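Those protein sequence lines, which keep their order, are chains A and B.
Heads up, the first sequence stops at 335 in my numbering, and the numbers go up one at a time, no gaps.
Heads up, the second sequence stops at 330 in my numbering, and the numbers go up one at a time, no gaps.
Keep in mind the hints are simulated off the structure, nothing from the lab.
In this text the structure is predicted, and so the values were computed from the model without any measurement.
C-beta: ideal position from N, C-alpha, C; glycine also.
The reader is advised that the hints may include incorrect statements.
Straight-line Cα separation of at most 25 Å, DMTMM-like style, residue types lysine to aspartate or glutamate; simulated pairs [what the hints assert, rightly or not]:
{"hint": "1", "chain 1": "A", "residue 1": "Lys217", "chain 2": "B", "residue 2": "Glu19"}
{"hint": "2", "chain 1": "A", "residue 1": "Lys217", "chain 2": "B", "residue 2": "Asp15"}
{"hint": "3", "chain 1": "B", "residue 1": "Lys224", "chain 2": "A", "residue 2": "Glu202"}
{"hint": "4", "chain 1": "A", "residue 1": "Lys329", "chain 2": "B", "residue 2": "Asp198"}
{"hint": "5", "chain 1": "B", "residue 1": "Lys204", "chain 2": "A", "residue 2": "Glu170"}
{"hint": "6", "chain 1": "B", "residue 1": "Lys204", "chain 2": "A", "residue 2": "Glu210"}
Just a sample of chain B residues kept apart from chain A, beta carbon distances all over 12 Å, derived [claimed, not checked]:
{"hint": "7", "residue": "Ser14"}
{"hint": "8", "residue": "Asp267"}
{"hint": "9", "residue": "Cys313"}
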Amino acid sequence: MESSVATPPPRPPQPATPPKGQAPTGAVEGSSTWSLLDRLGLALCWALGLLFCAIALALVVYLFLQGIKFLKVDQLTTPAATGFAETETGGFADAFIGTLIVATMGIALALPTGVAIAVWLVEYGRPTALARVTELTIEAIAGIPSIVLALFGTVIFSSTALGFLSRANEGVVFGRSFFAAAAMLALVALPLVVASTRQGLESIPRHVREASYAVGKTKAATTRRILLPTARPQVATGMILGLGRIIGDTAIIVVLLGATQNFAPVEGAPFPLSYLRGAGTTLTNFVFEASPTGNLNQPQKAYAAAFVLLVMVLGLNAAADLVHRRARKAGTWSH
Amino acid sequence: MEEELQPEYGPRWSDQRVERMLGALVIFVVGLLLAMIAVVVVRGWASFAHNGLAWFGPGGNVDAQLQEISLSGQNGLHYVWTFHAWPLIWSTILITGGAVVCGLFTALFISVFIVEFAPTWMSNVLQPVVRFLASVPSVIYGLLGVLVLVPFIGNHLITEGQKASVAGVISLTGYSLLAAVTILTVMIAPLMVSIFSDGLRAVKPGWVEGSLALGVNRWRTTWKIAVRAARPAIVAGTVLAVARAIGESVMLAMISGSTGWAPNPADGLIFVYEPSRPLAPTIVKNVDQLSSPPANATLFAIAAVLLFAAATCSLAGWVARRAMRKYGVA
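Work out the full structure, taking the sequences as your base and the hints as a guide.
Printed below as a string of structure tokens:
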């Protein structure tokens, strides 16, 4: 800015060999010679940048303060109950576990599918028309509002053929279950996994593949043993981004998992299935319902649950950063 | 590499077979999308058919119409279909438009800052901040909106006089366009920043250096050369942000005011304090009515409109990205 490095003012514009592939940055030219309007623009840049930092900081600090004030450990272990005061209504254990279940199931579906699609796009991709259509499809899925996905889910999972995935009562299928929610959430995470994996595969130079083919490996074996292990950091990044989206989605949960705050296992089914086929809740759903505009209206618990959610998101962000940094340190093919 | 000797990748995992398996999966996903479009349009068709183009027009109270529709489905006598969605559409346009305009402005300046002007320490701080803001769940934004921003607007920004002036028509409580646009901007600007700054980084250094060599200062070079060269990225980012904003349901259900009301800019600046409800939150709020056939059709009709808008955006973004690839950018 104005106070940046003091360079001798009228310097012949001589690019001091900037690093290749990078716009010249740093002490190329101070803003002291600029006209007022340009300087005001730069000041606006600083102001907006600092504003963003301030918003993020305020958000984190505020939620941490509220979280520390209202979060009690037993809220994570006691399920929600009905009551009149906030002291009587229990915690949000079911919501916490529900988030973990949904995240696991959703990513378990999205990760293999996404990696497979990315492999097909980069390594096979014939016929070309199908590849273009697939690209467009993935792009479209990324843009579809999750509430529309949720409505679509109600149609699929209320069909009698899929009654075994949720509660079925005298031929009427309830259509709300962990299976239903996880399947639709997998669609939300899918584009992120595909995009990231694809980027990773595309950054591996051609000669790596050729070397592998030259020693007699098939394309499938090359992909499995050489390409995917090399692209592992990008796959991991895609997975983490996808997890973040799954954890943060609310619309699909509200529509496809249920408006309840407790697990509602299906009677007569074996243990894990009984829960997975039943309705349930997640942290996002709990926050939504516990906010003053929801049905529960318990702002203190909403803050506590939001804090837990934020910690999970921060953890995922940190994990993504770590993966990125380690991958860079280890070095990639592309340099 | 002892695997080479094993028949693991023999005929069972032959290339043709793997290609066919992956291809089948790809076709399945493409088919799923087509099925989704078909299902949503077919389910919503009844609502469009009964209302014709008036579906998109104004007329009557939307909330009352929705209630009539779902009640008629529960009684089962004869279904009511009348639905005029204009207030919801108008609210979607206002909130999305407002947030995208604010977001575009903010995101352009911030991405230019990150890529060109910020000292290293500053861009090292800003980049994770942007990533973080993009990854905060919308329900958290909604909660903070409800508990912090909305009361602030209601208690400090809206004067008693303003509240009194519209008292008979609508109550101004802070659940407003202003709150919705502010928070939506914070949600979508980071999305734009990440795409814009990728585009700006990919601008050929030679072009920028050429301008600098002619004695144009860095600020003007950035805006005249780099930003213009990165136009496809800017279009792509904006279009994605529009899609995200149109589809945002939960946060807006919490803070837009949840009233089927069309804020009128002709009322003067007070309209930014007026509550409304866009299309997507309408679905969230009425999801309990899905079991009533006419309400079900109406909600799917709304979903069809959202799907159409989002698909248009995706298509535009895809075209812009392909243009970028052609020029070797991103």
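Right, here's what the structure says about each hint:
no.: 1; hint: A/Lys217 x B/Glu19; result: holds, 15 Å
no.: 2; hint: A/Lys217 x B/Asp15; result: holds, 10 Å
no.: 3; hint: B/Lys224 x A/Glu202; result: violated, 32 Å
no.: 4; hint: A/Lys329 x B/Asp198; result: holds, 21 Å
no.: 5; hint: B/Lys204 x A/Glu170; result: violated, 66 Å
no.: 6; hint: B/Lys204 x A/Glu210; result: violated, 30 Å
no.: 7; hint: Ser14; result: violated, 7 Å
no.: 8; hint: Asp267; result: holds, 25 Å
no.: 9; hint: Cys313; result: violated, 6 Å
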